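What follows is each chain in one-letter form.
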Amino acid sequence: MNSIILLIILTIYLAILFYIAHWAEKNGNSKWTNNPYVYTLSLAVYCTAWTYYGSIGVAADSGLTYLPVYLGPIIIAPSWILILKKIIRISRVNKISSIADFISLRYGNSRFLGAIVTVICLTGIIPYISLQLKAIAETFHIVTKTSMTSLIFDDTTTYVAIALALFASYYGTRYVDASEKRKGIVTAVAMESVLKLVFFVLIGVYVTFFVFDGFDDIYQKASVLENFKEKNTIGGLPQAINWFLLCILSMFAIFLLPRQFQVSVIENNREKHINTAVWLFPLYLLLFNIFVYPIAWGGNILFDGQEINSDAYSLLIPQLFNNKILTVLVFLGGFSAAISMIVVSSIGLSTMVTNNILIPYNLLGKLKSADTISSKSILNSRKIGIFLLIILSYFIYRYFGLDYNLVSIGMIAFVVISQLAPAFFGALFWRRGSRLGAIYSILMGFIVCLFTLLIPYSVGITNSESTFVSNGYFNIELLKPFQLFGLDYLDPIPHALFWSLLFNSVIYFSVSVSFKGNYRERNYAEMFVDINKYITNHENAFIWKGTAYRNDIEKVLTRFLGEERTKRAMNIFNVKYNVDKDIELADARLIKFSENLLTGHIGTASARILISSVVKEEKITLPEVLKILEESKENIIINKKLTETSNELKVITAKLQEANTSLMVKDQQKDEFLDTVTHELRTPITAIRAASEILHDDDEIPEELKKQFLQNIISESDRLNRLIDKILDLEKFETGKQTIHPTPHNLVETIEKSIEPLQQLIKNKNITIHIESKSKVNAFYDEDRIVQVVTNLLSNAIKFCPETDGLITIQIKEKNNFIHTFVQDNGKGIHSEDFEVIFDKFYQSTNQNIKKPVGSGLGLAICKQIMEYHKGKIWAEPSVKGACIVFTLPKNKNTESS
Amino acid sequence: MKKILIVDDEPNIVMSLEYTFKKNNFEVFIARDGQEALDIVKSNFPDVIILDVMMPMVDGYATLEQIRKDTNLAHTKVIFLSAKNKASDIEKGMTLGADAYLTKPFSIKKVVDQVLELLN
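Line by line, the protein sequences give chains A and B.
So the first sequence is numbered by UniProt numbering: it starts at 1 and just counts up by one.
So the second sequence is numbered by UniProt numbering: it starts at 1 and just counts up by one.
By construction, these hints were calculated from the structure, which means they are not laboratory data.
The model shown is predicted, which means the values in this text are computed figures rather than measured ones.
The reader is advised that the hints may include incorrect statements.
Said to hold, decoys possible - When the alpha-carbon atoms are kept at most 27 Å apart in a straight line, the in silico DSSO-like pairs for lysine-lysine are as follows:
no., chain 1, residue 1, chain 2, residue 2
1, A, Lys706, B, Lys109
2, A, Lys707, B, Lys92
3, B, Lys109, A, Lys670
4, B, Lys86, A, Lys726
5, A, Lys706, B, Lys110
6, A, Lys706, B, Lys22
7, A, Lys774, A, Lys763
8, B, Lys110, A, Lys707
9, B, Lys92, A, Lys706
10, A, Lys666, B, Lys86
11, B, Lys109, A, Lys707
What the hints assert, rightly or not - Derived coverage of chain B by chain A (criterion: at least 3 residues anywhere in the stretch with Cβ under 8 Å from a Cβ of chain A; other residues may be distant):
no., segment
12, 9–17
13, 99–109
Ideal Cβ positions, reconstructed from N, Cα and C, are used throughout, including at glycine.
For reference, chain A alone in the conformation it holds in the complex:
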């Protein structure tokens, strides 16, 4: 293909990407840019040109070894819900903008540590970026069938590098606050992740199903090739250990690579996006890996015996069949993979370089002395940083051969970055981890890396004559770089990882345990490890003693944030902690708050130095810090307990209120009860008194009338007595003093027994009484009591029956384990709103001065008590004509209440 055409295609492609970035930057909050899928796809920046071309190369040359790089992240992804969430929270509250910031803040704002981490990252990543450029260049030449040129200006990659450098430095530094989100870049990267996957799957399908006849076909043909079996079996324990170590390596990489930290932590908008990433990201990796194998072995079959770089199979195969479109698409996929890595990595690195090396070590002096600094100078330094990093990588690519295949350089970067692992994960989970431990462990790990990996490989790059690889350093057998201390069954990469991490972690733990960190480290250790406790008020967890004036601090802030933002920030602070704005002295919370504000701009270490320069801090001893932390912990616990207690109190108060209301109701009921009782008692007394008075005073009273008055006195006395009996009865039931003695009885007989004494009344009123029932219905009850109930119900029914054609119907029905007895009359009935209250003692209709026409008003209340004692019920039922009262009795002894 003509290189001009390809160049035009490339330009259009880049223009589209830049446009997407531009659009996303403007629409940062739209659902198209701010969703879990964009987040997850941006994580796929993990898949670089190395994945795109390199894994095919590895699969073709050495079989399954390409897999661990993806297995590691897939295995560890579920843990993101805990670990990544924690990292994101810590970074968010502390305004952390890079992994160097993260580590240096945890170990007490250590400037030196931040610088070391930055150097480690640079060492690992710059060659890696170069490699991406190299991949672009090589594949460009493969597609255009041209050869590499020695002239810079003829090299397309030059222009690509410049374009990328401009793009990254423009969109990567839109905000001075490096912890701000870069929506444009992230969306572009997510877009590229889609494209690279689609194009890769496309070529995979093409090779598998169009060039060959499916997976089986490839397998059949490949299995006759040389070394097929050796390459595709895991050969014994040493190989398994190699695999295991490579998996560990890639697990670390997914957390620690600056570009991964950038997209997964710094650019994370919502914690809950992780929930999607946890399943979608592994799925993405799996999809990517399905076709690696068919393409690799398809290539091996097609190019068997030819000297060809297997990394390029995905381009060479469509080219072999003259499929230009597919070739270009594959090229664009690889190009996408490369540039997203370059852009994201360079942004991350540049932030680190400016915030952790340039500003704290050089610019800071100038920043402190300068009267006015525009935040532009910081931005510019970052822009230049990004630009220079890419250009530097470009020159490394141009002037060092980088003869290793894509995978090895990538792997070396992984191993170098892994040296941060003990300090990084220690920061998350171990309070004792100290600054010295972190510094020495990273340095030691790096030195081991240097000897086991970097020196031998760079010697390889420069092609200088050397025998130390085979003979060991200083000709000492035990110091062979690839077989250190005689460990001879590991491949160079796992070998280097094993030894470097071993030394690294041992030093981290032993130094941390032996030398306690200072109070600042211990303070941050607490804040990192227990982030969930401090998430909402982490400024409170910061311990600081000394004198500081708000004025001084505000001045520093104003220089970096500008007047308006400083004012706004101060307002937020005042409101959040309820601080009077006229107060002169600053407290620990304001110090931490201000450090946070600056951190995004200039990194943690510099923020600390700047703030320290205007405040007078007193040293606090470690025991003091521990004590304060302990206290604050206790406070938090006490707070929690207080909240719990106050919640409990609320519940109890509510209950009390409820009880109080019901008591008040009961009290009122009691008053009404007493009122009614006295009224009921006074009525017969009144009648007795009046009659007696007449008999006493009046001698002329006719004999007949005299007898009548005396009869009245007798009946009213009886009434009085009955009333007292009932009140006492009810009192016994209500206080539980009453006992009943249930035994099996025939209910029909009992009812007949109850009707007997009422016969006279029934006859007088000409009432028909009707029992609908079997002749024998067995139930379990205290007969005397049930007679009392039935008598009461019947007396009421008799009273309510009309003067003519009175009819009382008694129905007995069995339902489940209960006998239901219905007593129905044809009187005026009961209002449905009174269905429940008629069973209250001395029920009065809604108007308390209206008397109900039934005797004492205690009858139904007593009936209710009796029924409850029998585990039965009594209630009024709606009825077409007259009143209908139903009561239930258990059939036998063990029936439970229904």
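Given the structure of chain A, go ahead and fit chain B onto it with the hints provided.
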């Protein structure tokens, strides 16, 4: 002959009152609740009404309210005779326009004296 209306739902109490007032030369009317009382006063214009408070259907207070609305009964004296003896009950009765409030149990003599006093 003065007319008296006795309103009470307790027949035995009514009987004593009826006997006594008849003996004292009153024309006696009897009602068992407020509704009956209101029916009677429409045509009979009693000089005195003895009124119970707690009765079925229409209570004593409501009955008095109705009576006081009727200008034909402007000169009718009303005496409450009730077992409700709390100050608030008496107060209520008096504000509604009763001429006296006697509590149960009562001395018949006192009731008669009270009636005669009101009529003079």
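The hints, checked one at a time:
no., hint, in the structure
1, Lys706(A) / Lys109(B), "holds (18 Å)"
2, Lys707(A) / Lys92(B), "violated (39 Å)"
3, Lys109(B) / Lys670(A), "violated (35 Å)"
4, Lys86(B) / Lys726(A), "holds (25 Å)"
5, Lys706(A) / Lys110(B), "holds (21 Å)"
6, Lys706(A) / Lys22(B), "holds (15 Å)"
7, Lys774(A) / Lys763(A), "holds (25 Å)"
8, Lys110(B) / Lys707(A), "holds (24 Å)"
9, Lys92(B) / Lys706(A), "violated (37 Å)"
10, Lys666(A) / Lys86(B), "holds (20 Å)"
11, Lys109(B) / Lys707(A), "holds (21 Å)"
12, 9–17, "holds (count 7)"
13, 99–109, "holds (count 6)"
Taken one by one, the earlier hints fail for this structure at numbers 2, 3 and 9, listed in ascending order.
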